[in-house]
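*Asks:* Protein chains in written order, with this note's numbering: chain A, 24 to 510; chain B, 7 to 320; chain C, 1305 to 2012; chain D, 5 to 229.
Watch out, some of these pointers could steer you wrong.
Restraint-style ranges between C-beta atoms, simulated for each label pair [said to hold, decoys possible]:
(1) C:TRP1967 with B:GLU64: 42 to 50 angstroms
(2) C:SER1843 with A:ASP385: 53 to 61 angstroms
(3) C:TRP1967 with B:LEU210: 32 to 40 angstroms
(4) B:LEU210 with C:ALA1902: 21 to 29 angstroms
(5) A:TYR221 with D:ASP11: 33 to 41 angstroms
(6) C:ARG1893 with B:GLU317: 39 to 47 angstroms
(7) C:SER1843 with B:GLU64: 43 to 51 angstroms
Don't read these hints as lab results, they were simulated from the structure. Fair warning: this is a prediction, and the values are worked out from it, not measured in the lab. Built from N, CA and C at the ideal position, the CB exists for glycine as well.
Below are the chains, spelled out letter by letter.
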Amino acid sequence: MIAVYLVLLIPLAGIVFFALGGHRADRGKLNVRFNAICLLATIWLAVNVLNQGTILSDNKAFLIDPFNVYLIVLTAFVGLTTSIFSGPYMAHEKDLGKLTDNRLKLYYSMYQGFMLAMYLVLTTNNMGIMWVAMEGATLATVMLVSLYRTPESIEAAWKYFILCGVGIAQALFGTILLYYAAMQIGDGESSLLWSVLYENASKLNPEILEIAFVFMLVGYGTKIGLVPLHNWLPDAHSEGPTPMSAVLSGLLLNDALYAVVRNKMLVDGASHSHIAGYLMMGFGLLSFLVGALFLHRQKDIKRLFSYSSIEHMGMMTFAFGIGGPMATFAALLHMTVHSLTKSAIFVTVGHASQLAGTQSIDKIRGLIKTQPKVGWGLLIGTLAIAGFPPFGVFTSEFLVLLATMHSYPWLAPLLLLGIGIAFAGLFRHIQPMVYGDKPEGQQPVKANLWPVIIHLGLVLWLGLAIPEFLANWFSQATLLISGSTPL
Amino acid sequence: MNWLIAILQTSLFVVLAPLLAGWLKMCKCHLQNRKAPSLLQPYRDLLKLTHKQPVVSEQASWLFIAAPYLIFSATVLAASVVPLIAVNLPTSASADVIVMVGFFAFARFFLALAGLDIGTAFGGMGSSREMTISSLAEPAMLMAIFTLTMTASTTNLSGAIAHVLNEGLILRPSFVFALFALILVAIAETGRIPVDNPATHLELTMIHEAMILEYSGRHLALIEWASQLKLMLYGVLIANIFFPWGISETFGAKDLGYGLLAILGKLALLAIFLAIAETLVAKMRLFRVQEYLSFAYLLGLLGMLSHIILEASR
Amino acid sequence: MILLSAYCAVLLSFASGLLALMMHQRQNLSAISEYGFNTFFTRNVHCRGWLNKNLEERRFPVFLKQAVFVLLGLSGVFAVIAGLAVLLGKGVITDQIALGLPWLPWHIRFDGLSGFFFLIIGIAVCAVSLYGPGYVRTYKENEHPFAALGLFTGLFVTGMLLVLLADDAFMFMIAWELMSVASYFLVAFQHENPANRRAAFLYLLMAEVGALSIILGFGVLASFSDGFTFDALREANLSTTWASIAFVLALLGFGMKAGIVPVHVWLPEAHPVAPSHISALMSGVMLKVALYGLIRFCFDLLGDVQWQWGVVLLVLGTVSALGGILYALMQPNLKRLLAYSSVENIGIIFMVLGLSMIFMANGHPQLAALGFLAALFHAFNHALFKNLLFLGAGIIHHQTHELNIDMMGGLIKKMPQTSALFLVGCMSISSLPLFNGFVSEWLAFQTALQVDVLDNGVLRSLIPVAAAALALTAALAAACFVKVFGLIFLGQARSRNSEKAHEVRDKGMLAGPALLAGLCFFIGIFPGVIIHLINNVSSQLLGHTLPNDSALGWLWLAPVSAEQASYSPPLVLIGALIAAGICYWYLRRSPLTVMRRAETWDCGFGGLTPRMQYTSSSFTMPFRRIFAKTWIIDEQIKKDLQGAMDQDVVAVHYQLHIQDHSWPRLYQPIAQGVNNLARQVGRIQTGNIRTYLGYSFATLLLLLWVIS
Amino acid sequence: MNLEQTDFYTQAILSMAALVGLTSFLMLGQGRLLRLIFVFAVQGFLLTLTTVLAAYSLNNPHLYISALLTLVLKVIFIPWMLRREVLLMNTHRDVQALANKTVVMLGGASLMVFSYYVLHPIVQTTSPVMLNALAVSLSVVLLGMLLMISHRQAVAHVVGFMSIENGLFFAAIVATKGMPMVVELGVAFDVLVAAVLFGIFFLHIRTSIDSLDVDLLNKLNEVDK
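Please put together the full structure from these sequences, using the hints given.
*Replies:* Shown next as structure tokens:
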């Protein structure tokens, strides 16, 4: 249990440390250290959960089951690698004069704040706290989106703030309804605890639960970036500092989806209409297709990949919506590989735009010739995210496809269409950027590409073989979500 | 023994080819009120050419010199497949009618290459036209031949001829179409009027002659001989497939003699028809050849369809 | 043991890729070797000296490149061994590798069909690795890093081999896509040219679409069975409709890779721009892997073939064969031309495969085996001669820096060995007797002529027409390759580059093609060798073989029966030698008639220049007129006029652009559709936050309404 | 439902609900910023009253804390801050004429009906009073959104946003007798931070586009020009 507290206290300490720590040159490295310790703590936690099964803390404040523990580790891992990247990146931004030291302080402090919010979302046993933490994550990142203080970044941050705020308010209404439904069967204040709710799921009033789920879906769906609630997402991703985009895409969206899936589990427990699944499938498919189409028109490299995130979140939502062990397994796997790949891509994208001095796709050229590692990283990352084997994204997409073929064969062509369109949309922009001769005077930048290599390596590994412990982990989570395992 | 007769037959083919050319020329001259050269004139020409010193362009590569030999031997091999006086010879088992078409293609391939070797405009022109016409003629020819082979259910020429021979006289509509198709193709492939004119050297019209413009001496002799051989070969094909009567099925000397006489008669007759046709018809423009050949193809197709629908329907 | 050598082949090719990555690791390598010698092999001084010498700054790149290709070559050798062994052993070997999904390890199955394609790949890879070191020498390391080339070549071969070994849908797709992606990088290798980038994009896009279609095909099968292993898929009990849907999906997917008209467009774009030895592998081998996929899917997994599928294959094959060769005929770019000719050959293979299916479905398994034989044989032959031709094209490109055949000419004198090898390739591909191409085409004709046994009137009339189209294809192919050989090697040089060209010095670059040329000729004379091997495949897959070589012995080829048709290449060869020998001897015996060299006759005008020669477009002009509807022809003649009343023509500019119909008819509408759709969708992102809030509001209301 | 038969508490809650709903309508139709803020403060005050009422009648002491929080945040701090901003930026004289006020008001009214319709299934499990209360709070939430959609000033957006929160609070108090304390504290903390951030943003927006009109924040779009 200590591990949980550690996981939460370390970033809290980080916030305080960076906020009060004065001006230090080595903040980047310290940030890495904070995240590294946190990762160790999460691994410890994960080992505990793997050995003992679900952990419920004594005061019932925290619930760690196989589903969220793996997301916790993933969060810590991506947080760590992104912080590795962000050190030199932010230093370079400061050298360019885009940032003042105070803002850098804010950045690091809020980085830890965001991590804290993420951990809290995942670990808490209380739906209300989850909501609070989710809102907290928005608040922590909103200042980061406007970190550069350009008119566009302020616009983006404002939209992010308002849309997510309003969205999440709806989720709160859903939470209240759920609480209300739970109150009907007694139990007072503990009714908002997941552990209690799951036990009593079958007794809850399904109709209220469904209404609550709609609010949750719209609320957290705004954070997932489901079309048509996605509008804040490309703006926020493109205007904030790149490490922020990496964690937003890699973590925040996942956690919001986590919240929706938790609720779906509850609704599924209470009602047998599968309405939650259908709603998720509909939203997922719509997001997937629209996201794929949006890719074609992008002029900004970070916007491009944020639409790709929308598309992939759509795919996951769709897969969770299908339910069933195979689709759920696929969705979990997709969550993992998408976070890893997307954050790796944002790392290379950050370097690429630093190289070219712009985020405009038309002006980024000849990456491979300028700095081979960045170019190849971007290219291979894009291949991976587009679902080419042997990368893990392919595995999960393959499973989603087959699950779809099995349950809803008439939807499979749509899914394929989306994959094809998305692929074309990505590559028509990526190719001119990475290939070709380098523009005059383009110089390599200082870059730490280990995060990219590690992430893509992991994704490759997951594509070739899913290691035993991870497979067990996934299938336990699948068991939790869908009631049976694919193994 | 069989092999000996086969070799003999092939040699006979080779030897008789210039005679047919001479006879054709003679008939044509008579028809056109000209004084005819001797029947043996082609032999004399060939002999003279072989004794001349060949002059070869400086531009020519080894391919140019090797081509006549390759062309000639490919044509001879094609001839060895076709039954002239007797069927059931072993050579015709070693290669069937498709292989024969392959030999023609082989010869044509090298002829066209030789035309391109020197790098003159004429050679290229000839090669281009030759390849065009032959690629249109080949499907028409195969269509006609397939009609026969499907009737006889064998692609062995000697087998097919034996089949027709043993069946006796049956009037098959498919054969009529096939015959006409084959005649049209034969005219195109051997470079006769109205497709090509072997006597012309006018640059705008010549095809075959354009390719061999640079040849002289023994090389020219070989190519000329090969084309005479090809003419005879098509004649024999038409004569022996559609009118196989007289061809020998055993290897007795008498039968073989009758076979020889029969084929000589048939070829003589065919040559007369050809001479008449060449005298009456004018040469076509090059780009009307496609219509001509697609007509041949159509005939072949009709033959095939009538075989399938009328004769072998189930 | 057999499987072990198959694994060796896979691993060696993979290792060659990894080794190529060491290109920039010289320091580390020498450190490792230093360490290794110091600790383990202290006494082995000789070996150490050798290694140290090779690890020197200057020698290292050469050494590494050679080492990479040696590994690749070994992989090829092992593939050949494994292929032959499994074909002769007639066994089926299965295995599992603990990779892949937790409940679905990679299933491996090595049977006759895979073995046969192993053989094809092995031979091609051997030839390529002989050829490679010389070819890649010209690439400048800082512009075109060898690491990328070597790595992706290795992965490409690995992918192809793994496709053949795969026994479950998942592994199949992984290997399949590995092959696609690796070859994509190879196409994009010289990415500073826009053409390469465009081709690579198109290629990858179509590979992706094709792969998705294949996945869907597997998905259809999988939804009727329990699992993704091929064993489970074989058991799937499909209705005819679903089976047909699966077939169409597989056909689309595999056909896209194989380059069937009208989904062939990536092929003439991608093959020409890759390095030549890669084009050779792509055109010669990768298309065969697609073919393997189709055969595996239709004949093995689907099981009961329908005759309608056969008709579809037959028609598509015919269209591809004719379309491919007609497009090829018009190309002035050598490698593009070869790529289009691959479309043609794949078309022929599909056609014969279609025949085989028709016979199979109509209950004539013997004839089906004949068609199958012809198809596989042609696949084998095509791999040989297309490889040969691409390698030859590579040599020509290497020496003249040209790919436009209108810029070449007269190379036969400058590059005699290359020209001889290339001639063999041209003759094989034009299916001239004595060479391997002819044998498979002959078998194809024989298959088509067995149509008499069928009852269906439509088929009985359709198949002969297809056969005639095959004849037309063959004749056009001959015309095409007369053009190719004639314009490149014969005549006079049309540009300075080809005037200055000389024979390659690297023996390996000739050895690779020579190996292939030798095989082309050998198989052309002794086709029985390969037929014997294919018979083993068809007995495993179809349960029937040909009754060949019983009556007439090994000398003869009599696929159906000796009475019906027979062909004996050795006898034909002997006959040809005798005939040529006699006349050669007869004509050459007189010393008086020694050949005299003289100037070419120039009609008395004086001065024949190379520009007077026929060019590619003039050579094909008659075809262009006859088959005008096949292409989109844009011919422009512009005259520069001058002088009084603009009467004097100073110069004439001639431009000819010939385009495929499939571009404007099929691809541009799709691309435009997607763009339009994207534009429409883009309108929802208005930038106004109130609109966004409106979406959120409307969504909420809509969902609430739906739910209640 | 028979109002006479219910107890005083229920009657009071229902009256409060009606008043809260009314304030939402007033805000929706309000074009002047200062008045809008004032109405918002009144809504906050009503909410506080409701909370106190609930705390008193349900004997739930922690609701007093949340009443206090609401009072401080929603009645004093936020209106004060917004008012300060408005005065600072000299926009208090701006009158934004709503494009089609009638339609918006009618839409608001139908939202109320819709809320009843949507929440109808709740009747099965509880008293109609609860339905009324929840429906009103849902309609406050929806009206808040409608307010944001129909108004262009950033300040109005903040008010709308906060009024959505008010609706949520109302629902929480009436339907579930308040959320657990931790949650409530957390939510209050979030609201506080949000309010501070809004203040910062006004400054930034003001400096970047020289206005607080959100329609001018439209650089990031995907529409073909």
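*Asks:* The structure should be examined with respect to each hint, and the outcome stated for every one.
*Replies:* Comparing the hints with the structure gives:
Range check, TRP1967 of chain C to GLU64 of chain B: Cβ separation about 45 angstroms, and the 42 to 50 angstroms hint holds. For the hinted restraint 53 to 61 angstroms between SER1843 of chain C and ASP385 of chain A, the CB-CB distance of approximately 60 angstroms keeps it satisfied. For the hinted restraint 32 to 40 angstroms between TRP1967 of chain C and LEU210 of chain B, the CB-CB distance of approximately 36 angstroms keeps it satisfied. Remark: the range hint 21 to 29 angstroms for LEU210 of chain B to ALA1902 of chain C is upheld by a beta-carbon distance near 26 angstroms.
A beta carbon spacing of about 36 angstroms between TYR221 of chain A and ASP11 of chain D agrees with the range 33 to 41 angstroms that was offered as a hint. About 54 angstroms separates the C-beta atoms of ARG1893 of chain C and GLU317 of chain B, a value inconsistent with the hinted range of 39 to 47 angstroms. The hinted window of 43 to 51 angstroms between SER1843 of chain C and GLU64 of chain B is violated, with their beta carbons roughly 58 angstroms apart.
The structure fails hints 6, 7 (numbered hints given earlier, in ascending order).
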